[in-house]
Structures are given as structure tokens and as C-alpha cells.
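*Asks:* From just these sequences and the hints, can you work out the full model?
For the protein sequence lines, the chains are W and H, in the order given. Numbered per the numbering used here, the first sequence spans residues 30 to 491. Numbered per the numbering used here, the second sequence spans residues 30 to 491.
Heads up, some of the hints might be wrong.
Copies of the same chain look alike in the list, so a pair counts if it works inside one copy or between any two.
As the list claims (entries may be wrong) - Below, simulated DSSO-like cross-link-like pairs (lysine-lysine); rule was C-alpha separation at most 30 Å, straight line: (1) K178 <-> K272; (2) K58 <-> K192; (3) K140 <-> K71; (4) K53 <-> K299; (5) K53 <-> K406; (6) K192 <-> K412; (7) K82 <-> K95; (8) K108 <-> K95; (9) K346 <-> K437; (10) K215 <-> K180; (11) K341 <-> K261; (12) K94 <-> K406; (13) K53 <-> K346; (14) K192 <-> K71; (15) K95 <-> K229; (16) K140 <-> K82; (17) K229 <-> K106; (18) K58 <-> K229; (19) K108 <-> K140; (20) K348 <-> K375; (21) K168 <-> K229; (22) K82 <-> K127; (23) K346 <-> K192; (24) K106 <-> K58.
Don't read these hints as lab results, they were simulated from the structure.
Below are the chains, spelled out letter by letter.
Number of protein chains: 2
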Amino acid sequence: MKTILKITIFFICAIVSAQQEEFKKDSTKLRAIYTASLTNGKSYDWLNYLSNKIGARLAGSEGDKKAVIWGLSELNKLKLDSVWLQPVTVPHWVRGEKEEAYVQTQYGNFKAEICALGGSIATPAEGILAEVIEVQSLKEVEELGEKVKGKIVFYNRPMPADKINTFQAYGASGDQRYSGARIAGKFGAVGAIVRSLNLKMDNFPHTGAMSYGDNAENEKIPAAAISTNGAKMLSTLLEQKDKIQLKFFFKQSCQNLPQAISNNVIGEIKGSEYPNEIILVGGHLDSWDIGDGSHDDGAGIVQSMEVFRLYKELNIKPKRTLRVVLFANEENGLGGGKAYSALAEKNNENHIVALESDSGGFTPRGFGFTCNDANFKNIQDWKPLFEPYNIHLFVRGGGGSDIRLLKKENNVLLGLKPDSQRYFDYHHTSADKFDAVNKRELELGAATMTSIIYLFDKYGIK
Amino acid sequence: MKTILKITIFFICAIVSAQQEEFKKDSTKLRAIYTASLTNGKSYDWLNYLSNKIGARLAGSEGDKKAVIWGLSELNKLKLDSVWLQPVTVPHWVRGEKEEAYVQTQYGNFKAEICALGGSIATPAEGILAEVIEVQSLKEVEELGEKVKGKIVFYNRPMPADKINTFQAYGASGDQRYSGARIAGKFGAVGAIVRSLNLKMDNFPHTGAMSYGDNAENEKIPAAAISTNGAKMLSTLLEQKDKIQLKFFFKQSCQNLPQAISNNVIGEIKGSEYPNEIILVGGHLDSWDIGDGSHDDGAGIVQSMEVFRLYKELNIKPKRTLRVVLFANEENGLGGGKAYSALAEKNNENHIVALESDSGGFTPRGFGFTCNDANFKNIQDWKPLFEPYNIHLFVRGGGGSDIRLLKKENNVLLGLKPDSQRYFDYHHTSADKFDAVNKRELELGAATMTSIIYLFDKYGIK
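*Replies:* This is the structure we're talking about:
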């Protein structure tokens, strides 16, 4: 018995000691990754080019084409094992002339800042002038029914400020933007004006995707976002409706052109031991047409590229195949993600892990994981490695729009979780500019992504 | 035996259940605090006034006086049990005319952005033109000794970018600013130019306190900070010294006026059960004279005031005495903190807890605590209450310059730890403006401070 006990204790000690040794090695590697990203990183320079030399890059636009060529060229410079393009058919919506809007009253007209929602139709060339009915929800429009006929429906439910995670606040109000025009159009409204998805009071209208669903042609009505300050003004004036005769005017000339071709830009380093196990890292290369898409999702693009640059700089040879994907057309159609996953399915590729960064280039706080219990438990063991970098959030739920379709029963999807407080100050607006990104915050995000990819590559999944 | 066991189990269950009940109550209270701060907070409006209507408020300046009156008036509006001023004698340093500086070469002059360091003497009216010697440390100057005679010493050691906590990077390079002129002056240098304490490459020079120590009058030399871009330019030109004949010119007219009077602004709510146990919350009301001190430390001031407003809004009656202190003269002398602690000592006051917010109005990450083991262990038990708010850092070491002297063996000093990545983009510069503060980040900080004060008041210390 005594001998067996001794042997058991010996083995337990050996295992614990080996684990401690690996922890030490991993700690050292993570420190090297963070140091390289913070002192010699390229993510910020890349973002400077993408934002300031290329700028806005909505699917189908000239900016989109330039971004694809730039992405291809930069990935080539990294000397990955292979770099290629995957063509993607994408919508081609254009905004046209700058929108105009004002509140018309007997006391004069009050200008409002609006922007057409992505996918919306134009107003007639002379614009639309109509009475306004303010609502807080889609349901309220359904209840009003025919009463909205001939009117502009003004959706004014704010994002709830008490949510700590601003993406939850976004989710709580986002239906107005996506479906507001569809519902109002069904009941004969002539236009939909939607409060911008913004927690701040300012003059920036926030664009974003909307859909007419299966509405008939005559049920399709123009839809625009109004800035939060504009929404407040309009609502305040509407409160005085017994004293103020009020109509809203808006004019926009956006249109859907024939579909265009864009590309997913893809590069990979072949795995030395398990080349058929693919670990994907990506963001989306397209952006909305106002601003230059620095946070959404220029940050995610350059961070994904930086993962691979860091692998090269630090001479880390992955055991599994690492693939970077700069997805096309996330914003108005998800064409890139759909095309990528369809081809992966067809080629029977095995994506064991897919990481997306598409929540802005702010200080990283952790990751959200969509995976089974065994993997989640496994991942929790890595938390202490990240504590020196103030990375604490290892939570369930997460991934990204572009990688969603890659989900299999046993693989792991994850999304970088940066601090979310400032994201909706910039999201889908002309304020989403390079200067809104802090170099160190961006670099910490890239290092955090590289670190978790390093661990997934080293240890695999359950 | 069986009965004893049953009784023991019963009591353990009762204790656990009571603890769970308290945890639930505390969770509910914290949720109410965060919701009130995020949806009905006043911190941002206060900061708007302090930054945009009062602005810069260096000790002894008109802005400083206006800020004291404003603080007094706003605390009075909160209907605390008492509000008063404590006079403080403060230095009165003024910058004078805008500084001028350039690098003189045979190819022309290259302008540099500088600003005098706080407490520095002026240059002669015609400025100083001298050869430059670049160094990385105080020690290097001591080794150079007489070789610096007649020259301008240029301290150019950058803040180390690989530190995750930027305050550590600040600490690693700060000696150049504080003591650079003192050391260089001892060896006959004619001026000291110090690389700005900034992790970003930009054109903002960063002021801050310096000291001549016990240098004789003829060893006091003018000292200025140069922007990081300026430092890079100067250093690059110096590298070409075999081709480029280079001198540096700078001119500044700052001076120390006779001491002035400022005030600590103080308010309190008397404790209902333990009025002699004081829990202090504060920041410093003064700021440097460039920018408007929104992050340093307007944010800490309005957050401290918001703690008390939230107590009133939520109708929380503290058991212990809560005291808010808007400290005078932190930046160039610590006069407010010294005067406050001296009087507290004299009056034999018992400060069981003191919390300072003086690290910027960014997303709060947690607190640093200076306290004994028993208290630190106790505080750790509160961590789960803060997790829903993404507050994870409960670490040792912390407090603040103004409260440091209140340390006793068994009390607790703590400092709010906001995310530190952007702080040194603004610190002590003309870029430290209201627009650099995000409303929600500021409000989350105020709620986090209120929450921990609530727990300290409810449970006391060990």
C-alpha cells in the first residue's frame, strides 16, 4: 500500500509541477506578445492608412475595392503560407445627395440632422412633408394601425441608459431601426424617422441596416435616422401640439444599384501538426459610408492582421492552421460571412475555433464564448494568464456576425469584448474616425486576441 | 452529540442564509445606485460647468477662487448637514506669456511646442540659446558632471510603453520632470528641457510640478516640457550632430508670486449610529493652468459630489459620518491635503476610510487599497457585488495624494482605479478638456465610488 501511495503522490506532484511549468511558459509567451504589440505593433499604422487613405468602404463602393486590394497587399507582405481572395456578391446601396430635414411650424422651420438608413428607398425628389406621429415601439404602430396612414412615424424609444453593457442597450432599441419602416409602411405611413441608436445627446445621426421584409412595393417607405438632439427637439415640439402646428420634412436620394462583386480577403499559416484544424481570426473590411469605419470595423481588421504579424515577429509556429479573414459586406447583407461558411461547408473544412473582433478598438475586457461546457471549463483555466493585462471577462455568449454560420456542436466561437461605453458615440456615424481610436487600447486588443489564439493553438479544444 | 450537531448545523444554516439575505439586499442597493447615476446623474452637468464656465484653476488663480465658491454653493444645494471652508495657504505660480522655443540650425529654425514646468523660474527676457546635451536619466547628468555646464540638458527617456498600467509608466519616467532641473542646475546647466510624460506622439507639452530642492539661487535654472513630437525632432537632429550645428532656444516668463489663500471645500452628512467614525470621499479642486482640468481632477470632484447627491436621491441615511472634501492645491504643493490632515489630527478625528478619485474620469475598473490584512480580506468578499458592473480590480496599494497623510494603522485608504490607457493623452495638457470625458464612464465611476462607500458605511472596518 505504502508503495502505491508513494507512486501516486509522485505522479500527482509530477503532474502539478508540469502544469506549473506550462503556466510559466505561457505567462512568458503572453508577456512577449503584449510587449511586442505595445512597443512594436503595426495595428495603429495600418488603421491610419485604412481610415485616412481609404476611408469609407461600403460594399460595392470604390472604397470597398481599394480596401480589398490593400488587405491583399498587406497580408502578402506578412509572408503567410498563402493569401487569396474569395469573390462575394454584395448589395450596392448608395446614399446619393446629403439628406435634408426640418420641422416645419408656424414659427419657422427647425433644421434636424438625419441620414438615410442603409437599404432605404429615396423620398420623391421634392421630399416628403407630412404630419408626425411619435411612437415608442413597433407594437404601438401595430395598435395604431390605419391612424398612421399618410403620416411620418417617428420612433423615439431611447437606448436604456441603465444597461452596463451598451450592446444590450443597443439590442433593446435596435428593432425600431431595422423594422420600423417595414411595420409603418404596412399601415400606410409615408415615412419612418428613427431616433439614432446613441446613448449620448448629440447631432450625429446613426445609419445602419433596415429591411422592408416582404412588404409590397407600395408599402416601402423611406426611412432615416435622426440625431438624438434632433429627436429631442421633435419630441419636445410634438408635446406642444395644441399650440404648435407641426409637420416634418425630409428628402433623401439613396438607391439600390445592381449587385456588385466584393471579396473576402484571406490568408493562412499552415499548421505544423494538425493542418486540418483551422483557427480563424477576423473582422469585417466593409464599413458604412459616413465616417471612415475606424472602430467599425477597421479596428477589428487591423487587430486580426496584427495577430499574424505578431506570430511572425515572435517566430511562433502554429501547430494548427491559422486563418485570417477580412470579411466583405457585414454591414448590409452579411454576404462575406455567408459565402465564407458556404464554401467551408462545401470543402468540409474543420473550423475548431473562430474569433471575431467587431465591437470597437477600445480597451479589451475579455471574450464572449459560444461553446460547450467542456470547452468553457477549459477556457476558464486560462483566466489567470490574462489577469496581469486586466482581462477579466470570460463569459458565455459571443462570436460575431461574420463567423456565426461556422458554429458546429463542438467548436468554439468567440468575440473580443472591448469596453463598450464609448462605442455608440461613434457607431455608424460620421464621428467614427481614426482620432476616436486610442493606439494603446487598439494594441492591447490585438495582443489579447493573439494570446488566446496562442492558447487555442497550443492546447486545442475538447 | 446528535443534538449538538443539529444545533450547530442549524446555526451555520442560519448564518449562511442571513449572509445570502444581506448579499441580496446589497445587490439591490448597488443596482439602484448605478441606475440612478446612469439615468439621473448630475456629475456630467457639474463637470460641464466646472470645465466650461470656470475652466483652469491653479492654486491662487481667479479660476481657483471661482471653483471654491462654486463648490461651496453646489454642496449647499445638496442639503448636507453642514458645509464649510477650510482656508489653506497655497503657492501662487503664474505662467506669464506663452512660451516660445525652436531648434536653431544652419538650415533654419524648427519650432517646438514647450510649456514651463510648474514652479520653474523664467528665462532671461531675451530667452536662452544654448547647445543641447541629450540624456536618459538623472544619473547620466551626475556622471557627465561639469560637461553640462553652459548647456541645456534635454531629458528624453520615454515612458515605457510595455507597462499595462500607465501610472507605472508615469512613475518610471517622472523623476526627469520633478528633479531634472535641480540636478542639471547643480552642474551648471543653463536650462532643462524634459520630454513630456505622454505615451502618445503628439504636439501637446505636459506641464507638472518640479522642484529645485535645496539648490542655491544660482543653481536654479528654467525648466520646460517639450511635446513628444518635439522631443523626437530634437533627438533626431541631435543624432546628425556631425552635419548639423544645433542650438536650442526657449523663452518663458513664469514666476512665483507671494503665497495666496485658497480653501478646502468640505461637506458632511452626520452618521446616525457612529458619528465619530468619518468616511471621507474627495478629489482635488485645483488643476493646472492649461486645459480645463476635466480629467485631472474635475472628474474626481464631480464624482465625489455625486456620491452625496446619490445618498440624498436614494434616501440612504449613513450610520457613519460621510464627509466630502474638495481639496485645494494638489498640483503644486499638496497644501489642501496637508492642512486637512493637520486639522484632523489636532481635532483627534477618526477617519476610518478615505477614498480619493484622482486618476481620470474613465471607465472604472476597481480600487487600490492601503489597509491591513483583515480589512483587505473583508473587502475581497464584496467583489461579487461589483462583478455585474465589470469592476474586477480590488488590489493592494492605493489612495491618493490628498488623503495620504490620513493613514493610520487600522484605517483604510483607497483610490478609484479607472482604465488608465488614455489618461496620459490628456494629463497636465491643454487637451484635458470636457469633451475628453465620456458621460457614462464618468457616471459609472461615481456609482462605483458610492457603492463601496455604502458598503464601508454599512459594515464598517475591522
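*Asks:* If a hint holds in the structure, say so; if it does not, say that too.
*Replies:* A quick look at each hint next to the structure:
Proximity of K178 and K272 under a CA criterion of 30 Å is satisfied intra-copy only: 23 Å inside one chain copy versus 79 Å between copies. Proximity of K58 and K192 under a CA criterion of 30 Å is satisfied inter-copy only: 16 Å between copies versus 36 Å inside one chain copy. With identical chains, the CA atoms of K140 and K71 are at most 30 Å apart between copies only, with a shortest distance of 29 Å across copies and 43 Å within one. Taking identical chains as interchangeable, the C-alpha atoms of K53 and K299 lie at most 30 Å apart only when both belong to the same chain, with a minimum of 27 Å there against 52 Å between chains.
Taking the shortest alpha-carbon separations for K53 and K406, both the intra-copy value of 20 Å and the inter-copy value of 27 Å come in at or below 30 Å. Proximity of K192 and K412 under a CA criterion of 30 Å is satisfied in both settings, with 25 Å inside one chain copy and 19 Å between copies. Taking CA atoms no more than 30 Å apart as the test, K82 paired with K95 passes inside one copy only; the shortest distance there is 10 Å, against 46 Å between copies. For the identical chains of this complex, K108 and K95 are intra-copy neighbours only, at 21 Å inside a copy versus 61 Å across copies, given an alpha-carbon limit of 30 Å.
For a Cα distance limit of 30 Å, the shortest separation of K346 from K437 inside one copy, 26 Å, qualifies, whereas the shortest one across copies, 54 Å, does not. In this assembly of identical chains, K215 and K180 lie within 30 Å of each other by CA distance solely inside one copy; the values are 12 Å within and 80 Å between copies. Proximity of K341 to K261 under the C-alpha cut-off of 30 Å is restricted to the inter-copy arrangement: shortest distance 28 Å between copies versus 51 Å within a copy. In this homomeric assembly, K94 and K406 never come within 30 Å of each other (Cα to Cα): the closest approach is 42 Å inside a single copy and 58 Å across copies.
Proximity of K53 to K346 under the C-alpha cut-off of 30 Å is restricted to the intra-copy arrangement: shortest distance 19 Å within a copy versus 49 Å between copies. Taking the shortest alpha-carbon separations for K192 and K71, only the inter-copy value of 18 Å comes in at or below 30 Å, while the best intra-copy value is 34 Å. In the homo-oligomer, the alpha carbons of K95 and K229 lie at most 30 Å apart only across protomers (29 Å), although the nearest pairing inside one protomer, at 33 Å, exceeds that limit. For a Cα distance limit of 30 Å, the shortest separation of K140 from K82 across copies, 28 Å, qualifies, whereas the shortest one inside one copy, 32 Å, does not.
Taking the shortest alpha-carbon separations for K229 and K106, only the inter-copy value of 27 Å comes in at or below 30 Å, while the best intra-copy value is 41 Å. In the homo-oligomer, the alpha carbons of K58 and K229 lie at most 30 Å apart only across protomers (26 Å), although the nearest pairing inside one protomer, at 40 Å, exceeds that limit. In the homo-oligomer, the alpha carbons of K108 and K140 never lie at most 30 Å apart, since the shortest distance is 53 Å inside one protomer and 41 Å across protomers. Proximity of K348 to K375 under the C-alpha cut-off of 30 Å is restricted to the intra-copy arrangement: shortest distance 24 Å within a copy versus 68 Å between copies.
In the homo-oligomer, the alpha carbons of K168 and K229 lie at most 30 Å apart inside one protomer (25 Å), although the nearest pairing across protomers, at 49 Å, exceeds that limit. Proximity of K82 and K127 under a CA criterion of 30 Å is satisfied intra-copy only: 22 Å inside one chain copy versus 35 Å between copies. Only between protomers do K346 and K192 lie at most 30 Å apart by alpha-carbon distance; the minimum there is 26 Å, versus 42 Å within a single protomer. Within a single copy, K106 and K58 get their C-alpha atoms as close as 24 Å, which meets the 30 Å cut-off; across copies the closest is 55 Å, which misses it.
The structure shown violates the earlier hints numbered 12, 19.
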